[in-house]
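Participant: Sequence:
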Amino acid sequence: MAILDNKTGNIVFASNKDVGLAPASTLKTITGAAALHYLGSDYRYETLLQYSGILDDYGTLDGYIYIVGGGDPTLGSSGWNETNGDTIIDRWAYLINDIGIKECRGIVADVSVWSDDTQTIPDGYLWGDIENYYGTGNSVLNWRENQFRLILSPGDAVGKPVTLIALVHPPSSLTIINEATTGPLGSGDRTNMYLPLDGNHRYLRGSLAIDLGKNFSIGGAVANSVLYVADELRQKMRWSTDTTDLIILKTKESINTVSDRSTLDVHHSPPMSDILYWFEQDSINLYGEIIIKTIGHKINSSANTILPTYCQNEHGIEQTAVATIDGSGLSPENRVTTWTLARVLFYVQRSSWFPIYRSALPIINGIRMKSGYIKNVLSYAGYVNKYVFSIIINNFNDDTNVMR
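Quick note: the sequence shown uses my numbering, first residue 2, plus one each step.
Calculated from the structure, these hints are not laboratory results.
Beta carbons: idealized from backbone N, C-alpha and C, even for Gly.
Just to be clear, a hint being listed does not mean it is correct.
As the list claims (entries may be wrong) - Under the rule of at most 30 Å between Cα atoms (straight-line distance), these lysine-lysine pairs were calculated in the DSBU-like manner:
no., residue 1, residue 2
1, K18, K387
2, K103, K237
3, K376, K161
4, K18, K376
5, K251, K299
6, K8, K387
7, K103, K251
8, K376, K215
9, K8, K18
10, K251, K237
11, K215, K161
Said to hold, decoys possible - Label-pair ranges, simulated between beta-carbon atoms:
no., residue 1, residue 2, range
12, T164, I248, 36 to 42 Å
13, N179, H316, 45 to 51 Å
14, N301, H202, 37 to 43 Å
The task is simple: from the sequences and hints, build the whole structure.
Facilitator: Now the structure itself:
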């Protein structure tokens, strides 16, 4: 624990402040600061809809439709009207139809902007997390926050099977084996998605409390977000899978150069200030991982060194106190001291963008702070009255309510 005076930075109280601990989602306070420092509050991502080839009088395009990713983590998100997936797909379909394209050779998901990005899931994410919405992968072309929804209904008695009512925007060729059961009153949502080693199907396991209602929604991860959006556009256009290929383009040296293409649409994300707000408020791990990758491509740095370098260069905090695996805090392998978190929170008060940063933090029990939780970890970091604080608990093997 570390508590500082918010005017002087002097330590008011500290206990084990130099011990490296898994910070869970309080790591997002550092990621958010790095985003505003390196990218700025007005930074926006850009996604292009393009086409190439010759269009004949019958509407056949001897070429391709391109969706060019720019890293936008909000593309297709329901968080903003302008990013809504249905709205974007409808607009793209209209633009394609408007110039008379009725069929084409294929839809190309162009990820060449980040051609060196081959790792979609950060090191340290747990097997039990990566098939759930909060542990989804990421890429330069994300769609609907790389998740789909499962609508569930508990049984009429404890121990009875949970019914899978519907899937909302599922990826193609998805098979779910439902092993979830009904849990006791007040036990909440304890369901989990698991991917077996063969990768051909997924298991829904755990329990769903009997009092959670007949249309309870949970999120599942989409394994391949790049093809996820391309496939949805193909379905919207009602193009056959037999005649319209889905292609991932990793380099610009194939399937027509950029100069051979015409642009139909340029979609811009909300500004970083808005992205940061929901990153902190809803603790969207995907946003954190994309922010780290975006910074890395801008300053030519590896993902694991960005936050330690930021802390050292901007705040004089030794890199040994910031050992990070991801940008969200989901990995239990992250190690950060409470002294580090408290100092970052103190120093950013001097930045011109601090009002944006502070207002992004949730208000919990009247306190402006970020909370964090992963198994056996509970953490808080933020501002209260005239203090800056960071509290991290690790290896407490009990319910979170007991920890609190």
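Participant: All hints, please: hold or fail.
Facilitator: Hints, one by one, checked against the model:
{"no.": "1", "hint": "K18 / K387", "verdict": "19 Å, holds"}
{"no.": "2", "hint": "K103 / K237", "verdict": "12 Å, holds"}
{"no.": "3", "hint": "K376 / K161", "verdict": "27 Å, holds"}
{"no.": "4", "hint": "K18 / K376", "verdict": "21 Å, holds"}
{"no.": "5", "hint": "K251 / K299", "verdict": "19 Å, holds"}
{"no.": "6", "hint": "K8 / K387", "verdict": "8 Å, holds"}
{"no.": "7", "hint": "K103 / K251", "verdict": "26 Å, holds"}
{"no.": "8", "hint": "K376 / K215", "verdict": "28 Å, holds"}
{"no.": "9", "hint": "K8 / K18", "verdict": "19 Å, holds"}
{"no.": "10", "hint": "K251 / K237", "verdict": "24 Å, holds"}
{"no.": "11", "hint": "K215 / K161", "verdict": "14 Å, holds"}
{"no.": "12", "hint": "T164 / I248: 36 to 42 Å", "verdict": "38 Å, holds"}
{"no.": "13", "hint": "N179 / H316: 45 to 51 Å", "verdict": "49 Å, holds"}
{"no.": "14", "hint": "N301 / H202: 37 to 43 Å", "verdict": "40 Å, holds"}
Checked against the numbered hints above, the structure violates none of them.
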